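Given these sequences and hints, build the entire structure.
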Amino acid sequence: MITIKFYSVTKRYNNNQSVAELELDDEKNIGCILKKFKIIPGEVEVILLNSKLAREDTKVKDGDVIELFPVFGGG
Numbered sequence: 000m001i002t003i004k005f006y007s008v009t010k011r012y013n014n015n016q017s018v019a020e021l022e023l024d025d026e027k028n029i030g031c032i033l034k035k036f037k038i039i040p041g042e043v044e045v046i047l048l049n050s051k052l053a054r055e056d057t058k059v060k061d062g063d064v065i066e067l068f069p070v071f072g073g074g
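Counting in the working numbering, the final residue of the sequence shown is number 74, and the numbers go up one at a time with none missing.
Simulated from the structure, these hints should not be mistaken for laboratory data.
These figures come from a predicted structure and were not determined experimentally.
Any given hint could be a false lead.
As a list, the in silico DSSO-like pairs of lysine-lysine whose alpha-carbon atoms are at most 30 Å apart [unchecked claim]: (1) 51 with 27; (2) 4 with 35; (3) 58 with 35; (4) 37 with 58; (5) 10 with 34; (6) 60 with 34; (7) 37 with 27; (8) 37 with 51; (9) 27 with 10; (10) 51 with 35; (11) 51 with 10; (12) 4 with 34.
Given below as structure tokens:
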């Protein structure tokens, strides 16, 4: 099982909940998991895997924690 943490506006992809747990079956990388939650490409700016920067092609394994952060803006 992996844990996915959603921050700020990314929560909308998880029924406004900040945490989801997912059994690993066909999901082999972060990109597959983003597709499973129907996350629109470009809506996630920063992806952390076990507190380290990751990309969509990063492989996942049982026990991993993925954190999803939206695009940051300011001015």
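Taking the hints in turn, this is what the structure says about them:
Between residue 51 and residue 27, the direct Cα distance comes to roughly 18 Å. Compliance with the 30 Å bound is thereby established for this hinted pair. At roughly 14 Å between alpha-carbon atoms, residue 4 and residue 35 fall within 30 Å of each other, so this suggested pair holds. In summary, the hint linking residue 58 to residue 35 is supported, as the alpha carbons are separated by about 15 Å, within the 30 Å threshold. Among the hinted pairs, residue 37 with residue 58 is consistent with the structure: their alpha-carbon atoms are about 18 Å apart, no more than 30 Å.
Proximity of residue 10 to residue 34 is assessed by CA-CA distance (about 15 Å); at most 30 Å being required, the pair is judged to hold. At most 30 Å may separate the alpha-carbon atoms for a hinted pair to count; residue 60 and residue 34 meet this at roughly 17 Å. About 16 Å separates the Cα atoms of residue 37 and residue 27, which keeps this hinted pair within 30 Å; it holds. In summary, the hint linking residue 37 to residue 51 is supported, as the alpha carbons are separated by about 23 Å, within the 30 Å threshold.
Between residue 27 and residue 10 the alpha-carbon distance is near 22 Å, which keeps this suggested pair within the 30 Å criterion. Distance check on the hinted pair: residue 51 and residue 35 sit about 22 Å apart at the alpha-carbon level, within 30 Å; holds. Between the alpha carbons of residue 51 and residue 10 the distance comes to roughly 20 Å, so the proposed pair stays at or under 30 Å and holds. Among the hinted pairs, residue 4 with residue 34 is consistent with the structure: their alpha-carbon atoms are about 15 Å apart, no more than 30 Å.
Every hint, counting from the list given before, is met by this structure.
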